[in-house]
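2 protein chains.
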Amino acid sequence: MKFVAEALSLSEPAAKRLHRRGILKSAFIPHPFFSDIDEAYLLEKKFGKYEEGTFIASSHNRSYIARGFPKIKRTLVLEECIKKHFKGCDVAVEEKINGYNVRILKIGENIYAVTRRGYICPYTTERARELINKEFFNDFPDYMLCCEAAGLESPHVQKEIYGKRLEFYLFDIRNTRTNEALSVEKKIKIAEEYNLRLAEVFGFWCCEELLSNVIKIIKRLNREGREGIVMKDINMKRLSVKYTTSYCNCSDLNYAFRYFNDIGRDFMLTRAVREGFQSYEIDSEETRKERYLRIGKAIVDGILSSIDNVIEEGKLYERSKLRFRNKEVMELFIKHMKKLARVNFEYLGLDNEGYHVLFMEKQVISTADRIKNLISGGFW
Amino acid sequence: MKFVAEALSLSEPAAKRLHRRGILKSAFIPHPFFSDIDEAYLLEKKFGKYEEGTFIASSHNRSYIARGFPKIKRTLVLEECIKKHFKGCDVAVEEKINGYNVRILKIGENIYAVTRRGYICPYTTERARELINKEFFNDFPDYMLCCEAAGLESPHVQKEIYGKRLEFYLFDIRNTRTNEALSVEKKIKIAEEYNLRLAEVFGFWCCEELLSNVIKIIKRLNREGREGIVMKDINMKRLSVKYTTSYCNCSDLNYAFRYFNDIGRDFMLTRAVREGFQSYEIDSEETRKERYLRIGKAIVDGILSSIDNVIEEGKLYERSKLRFRNKEVMELFIKHMKKLARVNFEYLGLDNEGYHVLFMEKQVISTADRIKNLISGGFW
Chain A
19 MKFVAEALSL
29 SEPAAKRLHR
39 RGILKSAFIP
49 HPFFSDIDEA
59 YLLEKKFGKY
69 EEGTFIASSH
79 NRSYIARGFP
89 KIKRTLVLEE
99 CIKKHFKGCD
109 VAVEEKINGY
119 NVRILKIGEN
129 IYAVTRRGYI
139 CPYTTERARE
149 LINKEFFNDF
159 PDYMLCCEAA
169 GLESPHVQKE
179 IYGKRLEFYL
189 FDIRNTRTNE
199 ALSVEKKIKI
209 AEEYNLRLAE
219 VFGFWCCEEL
229 LSNVIKIIKR
239 LNREGREGIV
249 MKDINMKRLS
259 VKYTTSYCNC
269 SDLNYAFRYF
279 NDIGRDFMLT
289 RAVREGFQSY
299 EIDSEETRKE
309 RYLRIGKAIV
319 DGILSSIDNV
329 IEEGKLYERS
339 KLRFRNKEVM
349 ELFIKHMKKL
359 ARVNFEYLGL
369 DNEGYHVLFM
379 EKQVISTADR
389 IKNLISGGFW
Chain B
19 MKFVAEALSL
29 SEPAAKRLHR
39 RGILKSAFIP
49 HPFFSDIDEA
59 YLLEKKFGKY
69 EEGTFIASSH
79 NRSYIARGFP
89 KIKRTLVLEE
99 CIKKHFKGCD
109 VAVEEKINGY
119 NVRILKIGEN
129 IYAVTRRGYI
139 CPYTTERARE
149 LINKEFFNDF
159 PDYMLCCEAA
169 GLESPHVQKE
179 IYGKRLEFYL
189 FDIRNTRTNE
199 ALSVEKKIKI
209 AEEYNLRLAE
219 VFGFWCCEEL
229 LSNVIKIIKR
239 LNREGREGIV
249 MKDINMKRLS
259 VKYTTSYCNC
269 SDLNYAFRYF
279 NDIGRDFMLT
289 RAVREGFQSY
299 EIDSEETRKE
309 RYLRIGKAIV
319 DGILSSIDNV
329 IEEGKLYERS
339 KLRFRNKEVM
349 ELFIKHMKKL
359 ARVNFEYLGL
369 DNEGYHVLFM
379 EKQVISTADR
389 IKNLISGGFW
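From first to last, the protein sequence lines stand for chains A and B. With the working numbering as the guide, the letters of the first sequence map in order to residues 19 to 398. With the working numbering as the guide, the letters of the second sequence map in order to residues 19 to 398.
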């Protein structure tokens with residue numbers, strides 16, 4: 019607990035109290051794959067300046083911290099938001115990738131991938147060790163790579179548009195202790211130098227020219243089935259702001275209504291409201307009608323596909339197929355996931371490339387039960 | 019409290035405890051218009067066999083009770099529900115009216131209209147005294163008329179389809195003390211005899227012939243912009259079951275998204291899910307596409323109309339215009355409503371027919387604030 023106190027600039031008794039209150043949580047499964055780490059904790063909630071998901075580890079009597087990734091604010095109305103938040107500013111527009119947020123840092127001799135909530139994910143870590151050039155950390159030991167992990171082989175968000183294998187899309191490089199981000203320009207330079215895959219940067223515009231360009235980009239991304247954008251002050255001194263495409267909102271709605279009894283009600287509401295505000299800002303009569311259709315289809319087809327699944331298979335689930343280099347890492351991942359969710363696994367053996375293939379199924383219980391009851395004439 | 023104890027078959031200390039616990043609530047504003055009543059209470063929650071909304075009054079040392087109206091169960095899948103719940107039964111199909119539920123009974127010398135929650139509503143009571151034939155209560159002193167109060171001049175649900183003035187649509191006649199309902203046939207006979215307006219009875223069918231007829235009725239009601247149906251065992255011995263049209267579900271969605279930050283999230287979810295299950299049961303490819311459009315339009319246009327209102331007037335509200343015969347009743351109604359909700363009133367004077375016209379405006383604060391923030395570039 020001493021290293022935690024040190025990392026958070028607290029007294030040791032204060033750190034212990036935080037632990038007792040459940041705000042500070044032990045989040046570590048000792049394993050040879052995590053050989054650099056002696057102990058690790060995470061913050062379940064924001065504490066002082068430390069963000070929720072802040073990760074703290076000790077390695078050979080040294081303390082490491084990876085500050086939680088700060089929430090990116092969302093706007094529903096581009097024009098007013100741009101005027102208000104980016105006045106006098108040069109702004110970079112980058113792609114918002116639909117995956118899961120990971121912070122990649124080096125602890126001791128190895129790379130670790132920490133999830134949004136502050137857990138080290140064995141699967142993501144193994145993949146990061148395959149893909150991320152370690153040289154970066156030798157030159158920038160105080161920094162972490164903030165990436166979106168995306169692809170079909172994802173344990174969380176399976177999106178084929180980003181390819182089959184899980185890839186890392188770098189969007190911020192931040193100081194692990196202060197959470198300060200490098201400028202967009204510097205980030206791009208580093209990405210080139212160390213051969214890191216960037217979340218696409220669409221361009222740089224002054225505040226006055228931003229709106230028309232953003233609208234063009236959003237329309238294109240929407241056609242291409244991509245998620246949206248993040249607008250960033252090129253010096254990373256102001257809040258970054260995100261905005262999503264109708265494609266993304268409706269794809270979320272479809273997902274939410276597939277699992278309508280398990281997903282938070284706010285999730286559905288916010289997606290629908292985003293569509294309303296986007297319609298207000300950019301629709302013509304014709305595109306409005308297309309939007310009506312898209313929203314209705316997302317909702318109804320989501321419910322219908324779940325009814326079909328329940329009728330055909332008697333259950334509902336989310337499935338993914340993951341591949342591991344190392345069988346021990348796979349077993350560690352299974353242990354890791356079982357701590358977090360109700361998941362079933364099936365080991366499918368080795369594929370042609372020598373990867374261990376793991377089939378993962380999350381049961382969606384409450385919606386399945388509700389559907390079973392309703393289609394057999396039950397009440398709601 | 020003695021009359022309450024008597025009405026609920028409790029000891030007096032038990033009734034007092036119920037009051038202290040807030041389950042039994044005093045719900046009465048003494049007034050000459052309520053001259054028959056000395057005291058009145060309601061049940062805020064179900065207690066034993068007594069339904070939520072049960073109303074208890076004393077009048078000249080006599081206790082009166084009006085049992086709370088029992089919740090009508092809803093099905094989302096007609097076919098299985100009909101098989102399961104109405105096997106071997108003759109079933110009446112009646113119109114479900116979109117208004118507010120009132121129980122009309124006679125206390126002492128006069129008629130009183132009690133709302134779902136168990137309050138005497140002065141406005142509804144005055145209108146009931148205009149419209150309801152008191153003779154019924156002389157012949158059936160132990161019964162109450164369970165009606166839907168509907169029309170444009172409604173303090174709760176303004177629907178022009180039911181005409182301008184508030185009317186009462188009788189759907190059940192129940193014993194005030196046992197809550198047992200008269201058979202459908204008997205109800206129809208009584209309605210004819212005492213000239214009471216019935217919620218339309220579409221017909222009677224045996225279980226085997228019910229489904230096809232119900233689907234025909236639902237399709238017609240949907241085209242006509244009406245709410246739905248209630249299926250009833252003609253002897254009123256089984257649970258009644260309701261089912262709504264897509265028109266109604268979408269009209270609810272439109273309403274919900276107009277006030278998206280004030281309406282419960284469950285309200286939106288359930289309407290959308292009803293549409294999904296209706297699509298599963300009755301849609302062709304063509305009607306499914308119409309449904310997509312209808313749902314999307316309801317949601318988006320709801321949000322857009324509220325954005326427009328906030329931009330034009332800086333606020334959001336629900337408005338209704340009510341008319342009173344008696345100015346004192348109007349003032350009593352204002353007092354009654356102010357206890358229940360945040361409402362503004364404006365007295366508009368007498369109309370040609372000698373009615374006092376009252377303008378009522380319920381402010382919708384949270385959604386208006388949210389929209390103001392968003393359209394000025396705020397985050398969500």
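Rather than coming from a laboratory, the hints here were simulated on the basis of the structure. One or more of the hints may lead you astray.
Since the list can't tell identical chains apart, any single copy or any two copies may satisfy a pair.
Stated by the list, open to error - Listed below are the simulated BS3-like cross-link pairs for lysine-lysine, each with C-alpha atoms no more than 25 Å apart in a straight line:
no.	residue 1	residue 2
1	Lys315	Lys237
2	Lys380	Lys234
3	Lys105	Lys345
4	Lys20	Lys207
5	Lys101	Lys390
6	Lys89	Lys102
7	Lys260	Lys390
8	Lys345	Lys204
9	Lys390	Lys91
Within, between, both or neither, where lysine 20 and lysine 207 count as close if Cα-Cα is 25 Å or less: neither (38 Å within a copy, 84 Å between copies)
Intra- versus inter-subunit Cα pairing at 25 Å for lysine 390 with lysine 91: between (39 Å within a copy, 17 Å between copies)
Homo-oligomer pair classification [lysine 237, lysine 315; C-alpha up to 25 Å]: The answer is both: 20 Å in one copy and 21 Å across copies each meet 25 Å.
Up to 25 Å CA-CA - lysine 234 versus lysine 380, copy category: This pair counts as neither: shortest intra-copy Cα distance 38 Å, inter-copy 41 Å.
Intra/inter-copy verdict for lysine 345 and lysine 204 if alpha-carbon distance must be at most 25 Å: neither (38 Å within a copy, 75 Å between copies)
Intra/inter-copy verdict for lysine 260 and lysine 390 if alpha-carbon distance must be at most 25 Å: between (39 Å within a copy, 19 Å between copies)
Alpha-carbon proximity between lysine 105 and lysine 345, which holds within one copy, between copies, both or neither at 25 Å: Neither, since 53 Å and 57 Å both go past 25 Å.
Intra- versus inter-subunit Cα pairing at 25 Å for lysine 89 with lysine 102: Classified as within: same-chain Cα gap 19 Å, cross-chain 50 Å, threshold 25 Å.
Homomeric proximity label, lysine 101 with lysine 390: Cα distance no greater than 25 Å: between (50 Å within a copy, 16 Å between copies)
The earlier numbered hints that this structure contradicts are 2, 3, 4 and 8.
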